[in-house]
Amino acid sequence: MGRRALEQAWKCVSEYPAKAAKIGQQKGKIAPGYDADFLLLTPNCSLPNAIRAVYVKGQPVKQQ
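When you line the sequence shown up against my numbering, it's residues 1 to 64, in that order.
Some clues are possibly wrong.
As the list claims (entries may be wrong) - Label pairs and their computed distance ranges (CB to CB):
| # | residue 1 | residue 2 | range |
| --- | --- | --- | --- |
| 1 | E7 | L47 | 15 to 21 angstroms |
| 2 | Q8 | V61 | 25 to 31 angstroms |
| 3 | R3 | Q25 | 29 to 35 angstroms |
| 4 | V61 | Q25 | 18 to 24 angstroms |
| 5 | S46 | K22 | 29 to 35 angstroms |
| 6 | W10 | K62 | 18 to 24 angstroms |
Unchecked claim - Here are the simulated lysine-lysine pairs, DSS-like style, with alpha carbons at most 25 angstroms apart:
| # | residue 1 | residue 2 |
| --- | --- | --- |
| 7 | K27 | K62 |
| 8 | K57 | K27 |
| 9 | K11 | K27 |
| 10 | K57 | K19 |
| 11 | K11 | K22 |
| 12 | K57 | K22 |
| 13 | K62 | K29 |
| 14 | K57 | K29 |
| 15 | K62 | K11 |
| 16 | K11 | K29 |
| 17 | K11 | K57 |
| 18 | K29 | K19 |
Bear in mind the hints are in silico, worked out from the structure with no lab data behind them.
Just so you know, even glycine gets a beta-carbon here, dropped at the ideal spot from N, CA and C.
Using the sequences plus the hints, can you model the full thing?
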């Protein structure tokens with residue numbers, strides 16, 4: 001399997017697992033009606049150093 005576009009790859013680690021866990025109605029996407037849990041990452045930086053901020057239900061809970 002070759003490389004995927006970021007949008008498609010991200011579904012594999014966010015949207016699809018949320019659906020599999022049967023919480024896809026509120027988790028797994030940044031869209032109206034969803035919880036807005038997400039990370040802000042620095043491009044081209046390895047984890048965990050790439051994490052710049054963590055948001056839960058749209059509110060920042062950790063920022064660097």
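Going down the list of hints, with the structure as the test:
1. The beta-carbon spacing between E7 and L47, approximately 20 angstroms, falls within the hinted interval of 15 to 21 angstroms.
2. Distance hint for Q8 and V61: a CB-CB separation of about 28 angstroms, consistent with the stated range 25 to 31 angstroms.
3. In this structure the hint that R3 and Q25 lie 29 to 35 angstroms apart at CB holds, the actual value being about 30 angstroms.
4. Checked against the given bound of 18 to 24 angstroms, the beta carbons of V61 and Q25, roughly 22 angstroms apart, stay inside it.
5. For the hinted restraint 29 to 35 angstroms between S46 and K22, the CB-CB distance of approximately 32 angstroms keeps it satisfied.
6. Remark: the range hint 18 to 24 angstroms for W10 to K62 is upheld by a beta-carbon distance near 20 angstroms.
7. Annotation: proposed proximity of K27 to K62 holds, straight-line Cα distance about 19 angstroms (limit 25 angstroms).
8. Taking the CA atoms of K57 and K27, the gap is about 10 angstroms. The hint holds against a cut of 25 angstroms.
9. With a CA separation close to 12 angstroms, the supplied pair K11 and K27 stays within the 25 angstroms bound.
10. Note on K57 and K19: the hinted pairing holds, with a Cα-Cα distance of about 18 angstroms set against a maximum of 25 angstroms.
11. Annotation: proposed proximity of K11 to K22 holds, straight-line Cα distance about 15 angstroms (limit 25 angstroms).
12. Between K57 and K22 the alpha-carbon distance is near 18 angstroms, which keeps this suggested pair within the 25 angstroms criterion.
13. Distance restraint check for K62 and K29: the Cα-Cα separation of roughly 20 angstroms lies within the 25 angstroms cut-off, and the hinted pair is therefore satisfied.
14. Under the criterion of a C-alpha separation no larger than 25 angstroms, the hint pairing K57 with K29 is consistent with the structure, at around 12 angstroms.
15. This hinted pair checks out: K62 and K11 have alpha carbons roughly 24 angstroms apart, not beyond 25 angstroms.
16. At most 25 angstroms may separate the alpha-carbon atoms for a hinted pair to count; K11 and K29 meet this at roughly 8 angstroms.
17. At roughly 19 angstroms between alpha-carbon atoms, K11 and K57 fall within 25 angstroms of each other, so this suggested pair holds.
18. A threshold of 25 angstroms between alpha carbons decides the hint, and for K29 with K19 the separation of about 10 angstroms falls inside it, so the pair holds.
Hint compliance for this structure: no hint is broken.
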